[in-house]
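What follows is each chain in one-letter form.
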Amino acid sequence: MQKMPKKYYAFFTLPTIIAFIVAFFIPFLLGIYLTFNTFTTVTNAKWAGVSNYVRAFTENNYFLNATIFTVKFALVSVVLINVFAFGLALLLTRKMRGENGFRTVFFMPNLIGGIVLGYIWLLIINGILINFGVDITYSAKYGFWGLVVVANWQMVGYMMIIYIAGILAIPPELMEAAKIDGANSWQTLKSITIPLVMPAITICTFLTLANSFKLFDQNLSLTAGAPGRASAMLALDIYNTFYGRVGFEGVGQAKAMVFTIFVALIVLLQLRFSRTRELES
Amino acid sequence: MNAKQNLQNNVTFVLILILAVLFLSPIFIVLMNSFKGRFFISDTPFALPNAQTFVGLENYTSGIVKTGFIPALGYSLFITVFSVAAIVLFTSMTAWCITRVKSKLSTFIYYLLIFSMIVPFQMVMFTMSKMANILHLDNPVGIIVLYLGFGAGLAVFIFSGFIKSIPLEVEEAATIDGCNPIQTFFLIVFPMLRPIAITVAILNAMWIWNDYLLPYLVIGSNYKTIPIAVQYLQGGYGSKDMGAMMALLVLAIIPIVIFYLVLQKYIIQGVAAGAVKG
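Those protein sequence lines, which keep their order, are chains A and B.
Each residue of the first sequence is one higher than the last, beginning at 1 in my numbering.
Each residue of the second sequence is one higher than the last, beginning at 1 in my numbering.
Just chain A, with the same shape it has in the complex (with noise of 0.2 angstroms):
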């Protein structure tokens, strides 16, 4: 169908559209003009500027804190969700008995939500600091590990899921053939599997870094920040920024436009980088 009258186009995609307008396009356009003005709502603002980016590097470092935290939390998440992620998946495509109870038991916590997981391991995470007479609030690098466990708990099961489709699609007959030549487990995981399951990895990885990058309840719910803002993410500092005193909203702004940027930057990578790799095959 190349034509459609133009009634029934408006039946079928103004539902959508004008939802889309209202929740997300017209606050986007006005989050980006906001961003060069002051207010304390959308209403009473006063034209002021890159003042706002300014102030959001210059008036305290909480920003730049966050951002090195983010950057270190998304890294080392990064990594450890993946390699665990891909050695359970190795472990539960055996042909063992029980695989598909397993699997059922490490994807769970991936529906629980962000505040309920940060609470459950805040119980725990507590429940042994205490032993040494403190607690998560006591420094940043507790609230940074204690992050890191709960993001791991949260997302292996998940890239799991996708790194076992990946490996179950490797044709068979490779595995036999490199069995026969008499390849090693380590040689065949070297040289088949891992560049077999290679689109599977590059989706987790980025999926991995732009959901590190924006985590916000584990944040809220496990450190809330402290000790003061030493444990905060960006999402968590823009947050703080706009609700926490008045006349910072349009720092707050300003902040969430440079986190869109970065969020931005890393899924034109991921294209690029999928894009090189469908050239390649």
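Hints listed in this document are in silico derivations from the structure and should not be mistaken for laboratory results.
Among the hints, erroneous ones may be present.
Said to hold, decoys possible - DSSO-like mimics (lysine-lysine), calculated; alpha carbons at most 27 angstroms apart, straight line:
#1 Lys190/A with Lys4/B
#2 Lys95/A with Lys179/A
#3 Lys3/A with Lys4/B
Said to hold, decoys possible - In silico negatives: residues of chain A with every beta carbon more than 12 angstroms from chain B:
#4 Lys7
#5 Tyr53
#6 Arg55
#7 Phe57
#8 Thr58
#9 Ile68
#10 Tyr138
#11 Val148
#12 Gly228
#13 Ala230
#14 Phe273
All C-beta atoms, glycine included, are put in the ideal place defined by N, C-alpha and C.
Here the structure of chain A is known, so what remains is to put chain B in place on it, guided by the hints.
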């Protein structure tokens, strides 16, 4: 060789079994603590309840009363069910229309929706919640519109990918038989979208059920969903009631576990399918 492989498999099995038990232990620890008195939780979370610390269902009753858990469960269910229904219905219509009608407008709509997937929520949260106030969308019905708008990007993307793989002939035959586009879509196309519609429904249900920030900002002062109720207990005034917190965590997990056990097969398939595209 066979005996060696058997042994290896058994060792792996035991190893994974231990891992799986460890993986689930946090949930059991919370469950166990939900039956202990509120002052016995933080200090000794790994101790089993005993005659001194066991309080029966006291934490559950106080947790339910303090946070209004019953209405919260109602709001969460209502918002999730109707938002997911709206997303599946309206975005499949949109995706079909802009995939089949090849025009500049269709392409523009498609890329605009895709673009919204990249933008993090923090970019629009302030302006969006003000907008929701002005338009009176700050109630459990109005929030459905917001979820449709936010969910549109991923849903249209997934539906479009699937629709491209459906042969045109069936729809053309329907048109020749005198179906108008609305009849063609609902009688012919929509039933064929079933498998991918399940994927879209599951991905969105997981997101909306667990979503905290959007409902908190838009309706949180008047209507608490489950994540808001949990967070409210933490952020509340005075000393924190750990007993009620444990009970509420258990209550928040139960619906998810039921949902998972019933729809397990679809959830795991849906996640794999959705991830490859996202």
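Each hint, compared with the structure:
Note on Lys190/A and Lys4/B: the hinted pairing holds, with a Cα-Cα distance of about 23 angstroms set against a maximum of 27 angstroms. Between the alpha carbons of Lys95/A and Lys179/A the distance comes to roughly 17 angstroms, so the proposed pair stays at or under 27 angstroms and holds. Between Lys3/A and Lys4/B the CA atoms are separated by roughly 66 angstroms; this puts the pair beyond 27 angstroms, and the hint is violated. With a closest Cβ-Cβ approach of about 10 angstroms to chain B, Lys7/A is found to fall inside the 12 angstroms limit, against its non-interface label.
Tyr53/A, annotated as away from the interface, keeps every beta carbon of chain B farther than 12 angstroms; the closest lies near 14 angstroms. At roughly 16 angstroms from the closest C-beta of chain B, the C-beta of Arg55/A stays outside 12 angstroms, upholding its exclusion from the interface. Every beta carbon of chain B lies more than 12 angstroms from that of Phe57/A, the smallest distance being close to 17 angstroms; the non-interface claim holds. With a minimum CB-CB distance of about 20 angstroms to chain B, Thr58/A clears the 12 angstroms threshold, and the non-interface call stands.
Every C-beta of chain B lies more than 12 angstroms from that of Ile68/A, the closest at about 18 angstroms, which supports listing it as non-interface. Non-interface call for Tyr138/A relative to chain B: holds, since the shortest CB-CB distance, roughly 15 angstroms, exceeds 12 angstroms. With a cut of 12 angstroms on Cβ distances, Val148/A stays outside the contact zone with chain B, its closest approach being about 15 angstroms. At roughly 18 angstroms, the least C-beta separation between Gly228/A and chain B is larger than 12 angstroms, which holds for a residue marked as non-interface.
Against the 12 angstroms criterion, Ala230/A stays outside the reach of chain B, whose nearest CB is about 19 angstroms from its own CB. Every Cβ of chain B is farther than 12 angstroms from the Cβ of Phe273/A; the closest lies at roughly 15 angstroms, confirming the non-interface assignment.
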